[in-house]
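Chains as they are written, first to last, in the numbering used here: chain A, 58 to 457; chain B, 58 to 457.
Since the hints were derived computationally from the structure, they do not count as laboratory data. Keep in mind the model is a prediction, meaning the values are calculated, not measured. Not one of these hints is a red herring.
Which copy is meant is left open, because identical chains are indistinguishable; a pair holds if it fits in one copy or across any two.
With a straight-line cut-off of 20 Å between C-alpha atoms, the simulated SDA-like cross-links for lysine to any residue are:
(1) Lys-96 - Glu-84
(2) Lys-454 - Glu-404
(3) Lys-383 - Val-413
(4) Lys-454 - Pro-223
(5) Lys-80 - Ile-420
(6) Lys-398 - Lys-454
Protein chains: 2
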Amino acid sequence: MERRGILFIMIDGMGSLPVRDGKTEWEITKTPNLDALAKRGVYGLMNPIGPGITPGSDTSHLNIFGYDPHIYYPGRGPLEALGAGIKLMEGDVAFRANLATVNRNMVVVDRRAGRIESADAARIAKSIERIEIDGLEFTFTHTVEHRGVVVVRGKGITASVGDTDPHEEGREVVQPEITAENERMARAIGKYTIEVYKRLSKHKLNKGRKLPANVVLLRGAGMYREVETFQKRFGMSACCIAGGALYKGIGRYIGMDVINVKGATATFDTDLAAKARAALKCLEKYDFVFLHIKAMDSQGHDGNVEKRIEMIKRIDRMVGMLADTKAVIVVTGDHSTPPTKRMHSFEPVPILISNVEARGYGINKFCEVECAWGELGTINGSAVVPMLLAYAGRTEKYGT
Amino acid sequence: MERRGILFIMIDGMGSLPVRDGKTEWEITKTPNLDALAKRGVYGLMNPIGPGITPGSDTSHLNIFGYDPHIYYPGRGPLEALGAGIKLMEGDVAFRANLATVNRNMVVVDRRAGRIESADAARIAKSIERIEIDGLEFTFTHTVEHRGVVVVRGKGITASVGDTDPHEEGREVVQPEITAENERMARAIGKYTIEVYKRLSKHKLNKGRKLPANVVLLRGAGMYREVETFQKRFGMSACCIAGGALYKGIGRYIGMDVINVKGATATFDTDLAAKARAALKCLEKYDFVFLHIKAMDSQGHDGNVEKRIEMIKRIDRMVGMLADTKAVIVVTGDHSTPPTKRMHSFEPVPILISNVEARGYGINKFCEVECAWGELGTINGSAVVPMLLAYAGRTEKYGT
Chain A
58 MERRGILFIM
68 IDGMGSLPVR
78 DGKTEWEITK
88 TPNLDALAKR
98 GVYGLMNPIG
108 PGITPGSDTS
118 HLNIFGYDPH
128 IYYPGRGPLE
138 ALGAGIKLME
148 GDVAFRANLA
158 TVNRNMVVVD
168 RRAGRIESAD
178 AARIAKSIER
188 IEIDGLEFTF
198 THTVEHRGVV
208 VVRGKGITAS
218 VGDTDPHEEG
228 REVVQPEITA
238 ENERMARAIG
248 KYTIEVYKRL
258 SKHKLNKGRK
268 LPANVVLLRG
278 AGMYREVETF
288 QKRFGMSACC
298 IAGGALYKGI
308 GRYIGMDVIN
318 VKGATATFDT
328 DLAAKARAAL
338 KCLEKYDFVF
348 LHIKAMDSQG
358 HDGNVEKRIE
368 MIKRIDRMVG
378 MLADTKAVIV
388 VTGDHSTPPT
398 KRMHSFEPVP
408 ILISNVEARG
418 YGINKFCEVE
428 CAWGELGTIN
438 GSAVVPMLLA
448 YAGRTEKYGT
Chain B
58 MERRGILFIM
68 IDGMGSLPVR
78 DGKTEWEITK
88 TPNLDALAKR
98 GVYGLMNPIG
108 PGITPGSDTS
118 HLNIFGYDPH
128 IYYPGRGPLE
138 ALGAGIKLME
148 GDVAFRANLA
158 TVNRNMVVVD
168 RRAGRIESAD
178 AARIAKSIER
188 IEIDGLEFTF
198 THTVEHRGVV
208 VVRGKGITAS
218 VGDTDPHEEG
228 REVVQPEITA
238 ENERMARAIG
248 KYTIEVYKRL
258 SKHKLNKGRK
268 LPANVVLLRG
278 AGMYREVETF
288 QKRFGMSACC
298 IAGGALYKGI
308 GRYIGMDVIN
318 VKGATATFDT
328 DLAAKARAAL
338 KCLEKYDFVF
348 LHIKAMDSQG
358 HDGNVEKRIE
368 MIKRIDRMVG
378 MLADTKAVIV
388 VTGDHSTPPT
398 KRMHSFEPVP
408 ILISNVEARG
418 YGINKFCEVE
428 CAWGELGTIN
438 GSAVVPMLLA
448 YAGRTEKYGT
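Make the full structure from the sequences, and use the hints.
And the structure:
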């Protein structure tokens, strides 16, 4: 059997619940290209991590890509750091970091320093690029607007440390609770926060700002460990096409090459056609192409049904550009983000595997409801890669 | 998200196989209230313990309530003992026990001592309430008719001991096989049987009986160990409404409060309306209400299709009384008991979870066949509580 490539289209937060006349966005939106794919493939529903488990995007991607998050989830910090292009070393602890505004009592006035512009933030960040505290090295890497990543390197550090980010304004920056395990780390973080405040308060770009970027808030500590690469694990070279840093980070974490595509913004205005063209090109070189689309999730969080419907139409057009590939095509999501709930939910998501020889089940519409009746049944995310390997002709018979 | 209560309706032995015109009792009986529940919920089939495993009621309930029976099943004895209201201590070994009739050669003439009446049995049992053998304490507690529970307490005892009950008439009372592990226990049980025979043979109430209750047959040895409570494990206060002792025992074993309801008899004549009223009242106080209905299973063992159909109608009426609760409602069974087989069978049972936000799958009839097409797919019993927690708004996101 010919070994084929795999194109994995991951629609973040795709699953939904009824939003109108008892129907979901997928039920009420015409998707001729996806319906055609489903007709020449197999389909079902998928619990990304398990029944009743509401997935985060990070844990869900790992599980679906064959890395049990209970073993391999490094926390959000390292994934964001990798997504920002930072080279991590074994044992580094990484945090997501915000430039923020505090008053002189260290009470947070604005968690985003007045949504400071990227250019200003980058210049301000220079003054805290590298700070040593008690023998530990703190590196701040600016990404977009107020956002960045802090990496801590040194002996005796740990990721068992709480956020300094109080997660709401009007509250003081948090001094992480000190435990027997984290004492060195927690104390250093306290000192780091003060040192950052001192340096940033003096920064000339902050002088004129009503909401100076005078502190760094940390959250999502995680320790980086190298994991077996996707290629080693499944024998497929792999790349990642994504706008969002987290998804690039997930790709890098499991050893995928990250392909940057102009116009791939991880927002509603992302250039799906550019991503599709990039994916087709990558399929010439890679066995496995992971194409991530973020906006449906964001629109789910915003409760915006109309924009989710519009994204479905755009995704369907993008699928039309891709349908002629010889690769096996997968379309699924990492979790549901029903606009009625405005948050991730545990309800299973549709999954289809197409461009494969398959029995004809007569699906009419690619949606949550009809997918429940498919051959795949309701599967766990961890079953996806093994099935894809089989459909792509990349497995051997077990036994004789 | 609002945290809600859960009403768990367990229909013992609910699943079936075709009994008429290729249809099961559930397919041929009108169940408007259950159908309405299914329409505003999700549904599927459930293998209570696993595919191809024919569950006992005890092991099945444990698995569905989140206690893997391979780890937590204490044997039938302790569950019956707890159901009878006996306070067990860690390390006690409990047996189910029958008052029975033997001849002078210890051959069983009647396993139920002529189905002795409860009042007589209770008086006779007084004479063997507590017997000490070689430092081990044997306590007999009478329950109903010929039935009772024997608890053994003392050092060096074990539940690795066979039944003394030969399980058929015309055979001798069994002397449990002696092994290196159980020698003390097995010998004591042999002596206990003789001592019981001596005491009961002399009992004046036995003088006039054609089938004297002159021996105690033991079966289902199990050692009691305390387990983590359901409340601790899942963060939900819980109660149990059941007529049958076993089900009360299962509830007590996992720390549920047992609510006794007048008219709940675990028989065909049970008062389902009284149970429903009790359940609604319990939902004001408890997070999780386990409502057990026994009769369908008994009628399955008897091969009585008509009575099973009548029970389905009654259950549907009971569901009508319950449908307005704000709680999440679950309806399922612990196994199939097809009247064509007259015993438990491994075929999966229907499950529905209702009063939840759900996609509309257009089910027409709550039955084994249509449930196979539901969003839940064919799940394992162990997936039920995690899903219920999610539907009741009692879970957190895993990851970010």
